[in-house]
Amino acid sequence: MTVFKGYLKCMKGNLHTVIMYCGIFITVSMVMAIVSADKGNGGDYTSASLSIAVEDQDHSLWSQTLAEYLSQYHQVEVAKRSRKELADALYYDEVQYLILLPENFKELCLTGREKLETVPKPGSTDQYYVDLFLNQFISSARAYLAAGYSDQEAAQAVLDTGKVQGKVTLNTRHSALDLYNVFRILPYLYLSILCFTMGMIQREYQKPDIKRRLLASCVPLRKKNLQILAAYLAVGTAVWAVGDLTAMVLCWDSFWSSPSKAYILVNSFAVMLGSLSTAFLLGSLAKTYAAVNGMANVASLAMCFLGGVFVPVEILTEGVKKVGQFFPTYWHSQNISLLSFHGSLSPAQKEEFLAGCLLQVLFAAACVAVALAVSRGKQQEE
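In my numbering, the protein residues as written are 1 to 382.
Just so you know, not all the hints are guaranteed correct.
Simulated restraints on C-beta separations [said to hold, decoys possible]:
#, residue 1, residue 2, range
1, Leu132, Leu358, 42 to 48 Å
2, Trp252, Asp131, 40 to 46 Å
3, Lys350, Tyr289, 24 to 30 Å
Treat the hints as calculated values from the structure; they're not laboratory data. Note that the Cβ used here is the ideal one computed from N, Cα and C, for glycine as well.
Construct the entire structure; sequences and hints are all you get.
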């Protein structure tokens with residue numbers, strides 16, 4: 001086990017790198033956990049109430065009904081001011097939205113198809129919120145009138161519809177957000193530590209003096225490669241244990257209350273294997289220490305950006321997602337999202353999770369195969 005022990009001794013000399021990246025991971029994870037907790041505590045889901053002015057030129061049952069309907073949700077003023085005064089009120093933020101009801105409002109906008117004239121505050125997005133209520137009112141009024149209701153009956157039915165409120169129960173626990181954020185960035189820790197440290201150690205073993213000593217020894221190439229793989233696996237398992245324990249401490253309650261904690265550990269181990277195989281491949285390809293540094297930087301950052309580690313997969317473009325699917329980080333992000341925001345997994349979700357883990361392991365196997373082929377080719381050249 002000469003090669004195996006040599007790798008472990010070299011790893012001890014690179015502990016400063018491990019400590020540095022663990023510190024970075026802990027700092028970022030703590031920030032993410034705090035932000036997640038703030039989001040969980042701050043969401044009361046109360047609907048916003050806006051200040052709306054209505055200029056009523058119709059003075060009919062339906063114009064009064066619209067004002068009463070909107071007053072169930074917003075602060076409504078039936079304006080008795082001039083257009084200029086209303087424009088000034090909108091400019092000085094006295095009102096946030098202006099509705100202009102024309103004469104024959106029912107014939108033009110309810111039974112007819114003329115668009116209701118509105119004036120939102122410039123540069124504000126509140127208009128989309130108020131437009132939602134206006135569209136609901138007009139759609140309901142048209143439906144009741146088309147069904148044969150009289151004006152009084154239809155107006156009352158629309159008002160009653162506006163009073164209906166649904167009772168919503170939020171099943172997703174807010175605490176799962178810190179679990180998602182912390183475990184999502186674990187691949188960056190694995191890639192950074194393993195690519196930099198193990199790549200450097202493997203490059204150390206490619207020095208001519210060390211290679212000649214190994215060639216002169218009785219250790220065959222196959223046994224040497226097996227010892228290298230065993231050393232990689234031992235170091236990778238240690239890094240995985242440190243990373244997962246750190247993540248568990250940072251989101252302790254969320255992790256232990258999750259029904260999918262075993263799946264979370266399996267998922268992180270799978271992405272660790274992908275990171276480990278990437279380090280093994282880079283160490284086999286690099287010819288200098290500078291090359292190891294450059295390739296490790298590019299590989300770790302690219303895989304994390306494209307795989308949804310730094311940016312959630314949900315907001316990536318379709319083109320980026322298609323490229324990211326070639327990397328284990330993408331499937332790790334998909335799996336951790338599935339595990340964080342669901343309770344007990346259904347059979348279909350379990351299949352989806354296992355497929356993601358399998359793709360990560362296949363990526364690792366492919367990298368190891370390529371690295372061994374490169375190693376054999378270099379050996380034959382020498």
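Tested hints:
1. The hinted range of 42 to 48 Å is satisfied by leucine 132 and leucine 358, whose Cβ atoms lie roughly 44 Å apart.
2. Checked against the hint of 40 to 46 Å, the pair tryptophan 252 and aspartate 131 passes, with Cβ atoms roughly 45 Å apart.
3. Distance hint check for lysine 350 and tyrosine 289: the Cβ-Cβ separation is about 44 Å, which falls outside the suggested range of 24 to 30 Å.
In the structure shown, a violation is registered for the earlier hint numbered 3 alone.
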